[in-house]
Each structure stands twice: as structure tokens, then as C-alpha cells.
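Once you've looked at the hints, dock chain B against the given chain A.
Next come the chains, spelled out residue by residue.
There are 2 protein chains.
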Amino acid sequence: MIEAVGLDADDTLWENEQFFRLTEAGLAELLADHGDPDQISRCLHEVERRNLSRYGFGIKGFTLSMVQTAIELTGGRVPGQVIGRILELGHEMLAHPVHLIEGVPEALDALAGRRLILITKGDLLDQERKLAASGLAERFDAVEIVADKTPGTYARVLKRHAVDPGRFLMAGNSVKSDILPVLELGGRAALIPHDLTWQVEHDDDPDHPGFRRLDSIRELPGLVERFGTGR
Amino acid sequence: MIEAVGLDADDTLWENEQFFRLTEAGLAELLADHGDPDQISRCLHEVERRNLSRYGFGIKGFTLSMVQTAIELTGGRVPGQVIGRILELGHEMLAHPVHLIEGVPEALDALAGRRLILITKGDLLDQERKLAASGLAERFDAVEIVADKTPGTYARVLKRHAVDPGRFLMAGNSVKSDILPVLELGGRAALIPHDLTWQVEHDDDPDHPGFRRLDSIRELPGLVERFGTGR
Numbered sequence: 048m049i050e051a052v053g054l055d056a057d058d059t060l061w062e063n064e065q066f067f068r069l070t071e072a073g074l075a076e077l078l079a080d081h082g083d084p085d086q087i088s089r090c091l092h093e094v095e096r097r098n099l100s101r102y103g104f105g106i107k108g109f110t111l112s113m114v115q116t117a118i119e120l121t122g123g124r125v126p127g128q129v130i131g132r133i134l135e136l137g138h139e140m141l142a143h144p145v146h147l148i149e150g151v152p153e154a155l156d157a158l159a160g161r162r163l164i165l166i167t168k169g170d171l172l173d174q175e176r177k178l179a180a181s182g183l184a185e186r187f188d189a190v191e192i193v194a195d196k197t198p199g200t201y202a203r204v205l206k207r208h209a210v211d212p213g214r215f216l217m218a219g220n221s222v223k224s225d226i227l228p229v230l231e232l233g234g235r236a237a238l239i240p241h242d243l244t245w246q247v248e249h250d251d252d253p254d255h256p257g258f259r260r261l262d263s264i265r266e267l268p269g270l271v272e273r274f275g276t277g278r
Numbered sequence: 048m049i050e051a052v053g054l055d056a057d058d059t060l061w062e063n064e065q066f067f068r069l070t071e072a073g074l075a076e077l078l079a080d081h082g083d084p085d086q087i088s089r090c091l092h093e094v095e096r097r098n099l100s101r102y103g104f105g106i107k108g109f110t111l112s113m114v115q116t117a118i119e120l121t122g123g124r125v126p127g128q129v130i131g132r133i134l135e136l137g138h139e140m141l142a143h144p145v146h147l148i149e150g151v152p153e154a155l156d157a158l159a160g161r162r163l164i165l166i167t168k169g170d171l172l173d174q175e176r177k178l179a180a181s182g183l184a185e186r187f188d189a190v191e192i193v194a195d196k197t198p199g200t201y202a203r204v205l206k207r208h209a210v211d212p213g214r215f216l217m218a219g220n221s222v223k224s225d226i227l228p229v230l231e232l233g234g235r236a237a238l239i240p241h242d243l244t245w246q247v248e249h250d251d252d253p254d255h256p257g258f259r260r261l262d263s264i265r266e267l268p269g270l271v272e273r274f275g276t277g278r
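Line by line, the protein sequences give chains A and B.
According to the numbering used here, the first sequence is numbered sequentially starting from 48.
According to the numbering used here, the second sequence is numbered sequentially starting from 48.
Some hints here could point you the wrong way.
Note that the list lumps identical chains together, so a pair holds whenever it fits in one copy or between two copies.
[What the hints assert, rightly or not] With a straight-line Cα cutoff of 20 Å, these simulated DMTMM-like cross-link-like pairs (lysine to aspartate or glutamate) come out:
#1 Lys177 x Glu135
#2 Lys206 x Glu191
#3 Lys177 x Asp188
#4 Lys206 x Glu185
#5 Lys206 x Glu175
#6 Lys177 x Asp195
#7 Lys206 x Asp188
Note that these hints are calculated values from the structure, not bench results.
Pulled out of the complex, with its shape left as it was, chain A reads as follows:
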């Protein structure tokens, strides 16, 4: 019996990665004299990886990594105006509209009998802004904005809400963040793939009885039912 369902937010409930990709394209345009878009993206991803333990996830850290990329790629010769434009790219991201993914409201309606916990990482203020703009806040019994999604993170969240991992299912688009740590705790997990998923979130599908891969969030309520009856 699944008593509580955890839902990831970015690229599970609403579009997120597309705004990062658009901004990356904007950065490549700004730095076009210093490399082709592929080189610039590779440099940016490398800088992001180096900064991950320092900045964590979210737009503010991404903007700082874009600034650092511009400096590294140009050997420090990037004009101040270009840096100013990069800051503006960050401001635009922080104001981007929230686009719900198809089928989300209907799936949440169908799940309304369970305890629903939104579990997302990123910048606190930005995630709160998006949740408010999504119109979905009232659907959730709890909202947990976390620095990272490790087994320890999920254990703390489940303990806080007095949920037994064996009665918990997590759904999201990242094998690394939404699936593996929950399976490790003894919970179940549903991958809802998104066309765009940040490369650091990728991992192979696990071979585990508590794991399912869905085509869409529309299939989630049915999966929760089936797990409930042991089928």
C-alpha cells in the first residue's frame, strides 16, 4: 500500500531545463568570438561541475558559473558589458514563466487521496516562486526544498512526515536524484523521463523490483494503485 507519493518539481511538474538550454545559447552568442557553441557549452559544464559542491543547484550558482566561464574562455579579457549581459540572462531566468507539463493537474487530481510531498532541490526563493506561480501549491500536503537528494535527505524527509519508506513512492525525471536514493531506502520509484535532462542527473535504469519507467505522469496514478494491490 502506497501511503505517500513524493514528486520532483523541475522537469517533472514544470519545464525547467529548457530555460537553462536557452540561456546557454544566449551565452554562446555573447561569447561567439571566443569559441563555437559546443566549446562554450563544454567549458560551462566543466565549470559547473567544479562548482557543484560549492554552489549547489539553482540559477544563482548557474549564473556565477556562466560569469566564470566567460572569464576562463577569454583569458580574463571579457568586457565588463558582456558580464553585465550575463547577469541579465540570470535575471531573466529568475523571472521565467512556469509552464506545467502536460497531464500534471489531472495526475495530481487522481492522486488526491494520498499524501503528496513535493521534493525539489535548487534555490529556496526561486523554487517557492515557481510553486506559487504554478497554482499547484494547494495540492501538496508538504513541500521540501532540499540542498541535494541523497538517501539521507529522503530518510530525513520521510522521518519528519512519519512515512515508512515501504509505503512511499517517489516520481521524477532523474535516475540519480529521484530513483536510486529512494530504492536504496526501501521505497519505490517511478522514472518519468523528460526530453531534456541535465547530464549530471543521468544514470542507467536500475534493475530493481521497486522501479518502474513511465511514459508520462498520466500513468502515475495507475502505477500507485497497482503497487497498492501488489500487482
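Just chain B now, with coordinates in the frame of chain A:
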């Protein structure tokens, strides 16, 4: 009877503002050709104020505001190397050691019979890092890292932990963030002033029966006792 005590972290449990001031002095040195330290600080504070609703609190937003200040003060002529140094100032802040304020461990010992809730704002990852480095994590029954400290924030935190505001006391160094919103909810609040407090956190002491101003966190356990007996 006070059942639960909320404690602010930055500049209540450990030093924080001093690292911002040191970094500000470092920025003034980097931009010495473009203004005296006072002008540079004024410009930075103005940029920070403009960015507050966008970035929230914390070092990543502060670093982005320093970069923006350098661009605005130089009319975009700031060299890329200087921006690179500003990013490094941010990295140094994110790695700064945690210095406990005098009397904190003893005060927490004396409060150990109550439920202790750490309530702090700032970047998630950075606050978690500092809490882990402080060695104080085990003293708290709960940790709440929040985007802002409004009456609504405290109401949510108290509801989540099933604490009646009338049985709650909050202690911290900011009248604006730690005192006024809690008094508004019907709780009690103790101001523990710190020599360095960010100007946006300042406000007048309230004239309210639930408010006390202390000289040091050493006085907090006694105050909690006295409130408990109605004296």
C-alpha cells in the same frame, strides 16, 4: 510556559556579518581606482537592495551583487580579471570557518529540556555546511532553512512542529526578522544584539510585553524560565 525555543543562526550562534564586511573591504580594494570605500559600499548596498527580491539572502546573491557593483561603478570598463577576483572572494566566503559566539554551547546545554528549532535564512547548502561545521546540529530537534522570515514563515514552521505560538520564544539578532514577525503571531521574542548587523535587518525595539532585549545568549535560559512562571 515556553515549550519550544527558536534560534536564529547567523550572528546569533556563529559569526557571519564579519565575513561580509571583510569581503566588502576586499571589493573596495579591488575597485580602489573607481571610488573610495564608502562610495563603493553605498553602491553595493543599493545593488543588494534592488536584488533582494530576486536573489534572496546568502552568499551567492551577494557575490552576484558584487559583480554587478563592479560593472555599474566602472561604467562597464572593469577588467575581466577583477571580476575573476570577485568570484574568488565569493568562494572564500563559502569556505569560511565557523566561529561560535561566546556562551552558545553553554546556553544550548541549559536549554536542553525544551524543543529547540534552528530557524535561519540564506542559501540552503551554505547553511547546512555551517551547521555541520558548528558541531551544534545534534542539539536541535529541527532545522528550518527558510527563504525569508515573515509571520507566514513562522506560522508554517510552528504548525509543522505543532507548537502553539503562545508557547514559543524566538531568539535572534534582528528585530525585523527574529522579533517582530513572532510577536505578531502571539509568540515571545528575545533580541540578542550583535555588534555587526546588516542594515536591512535594523528596526526599533518594539514596545511589547512579549519582547525582551538581552546582553548575551547566556541570559536566554533564565529568560525562558522566567517567562515560564509568568514573571
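Status of the hints after comparison with the structure:
For a Cα distance limit of 20 Å, the shortest separation of Lys177 from Glu135 inside one copy, 19 Å, qualifies, whereas the shortest one across copies, 30 Å, does not. In this assembly of identical chains, Lys206 and Glu191 lie within 20 Å of each other by CA distance both inside one copy and across copies; the values are 13 Å within and 15 Å between. Taking CA atoms no more than 20 Å apart as the test, Lys177 paired with Asp188 passes inside one copy only; the shortest distance there is 17 Å, against 29 Å between copies. Within a single copy, Lys206 and Glu185 get their C-alpha atoms only as close as 22 Å, which misses the 20 Å cut-off; across copies the closest is 16 Å, which meets it.
Taking the closest pair of Cα atoms, Lys206 and Glu175 come within 20 Å of each other only across two copies (18 Å); inside a single copy the shortest separation is 23 Å, beyond that limit. In this assembly of identical chains, Lys177 and Asp195 lie within 20 Å of each other by CA distance both inside one copy and across copies; the values are 18 Å within and 16 Å between. In this assembly of identical chains, Lys206 and Asp188 lie within 20 Å of each other by CA distance both inside one copy and across copies; the values are 15 Å within and 12 Å between.
Comparing the model with each earlier hint shows no violations; every hint is respected.
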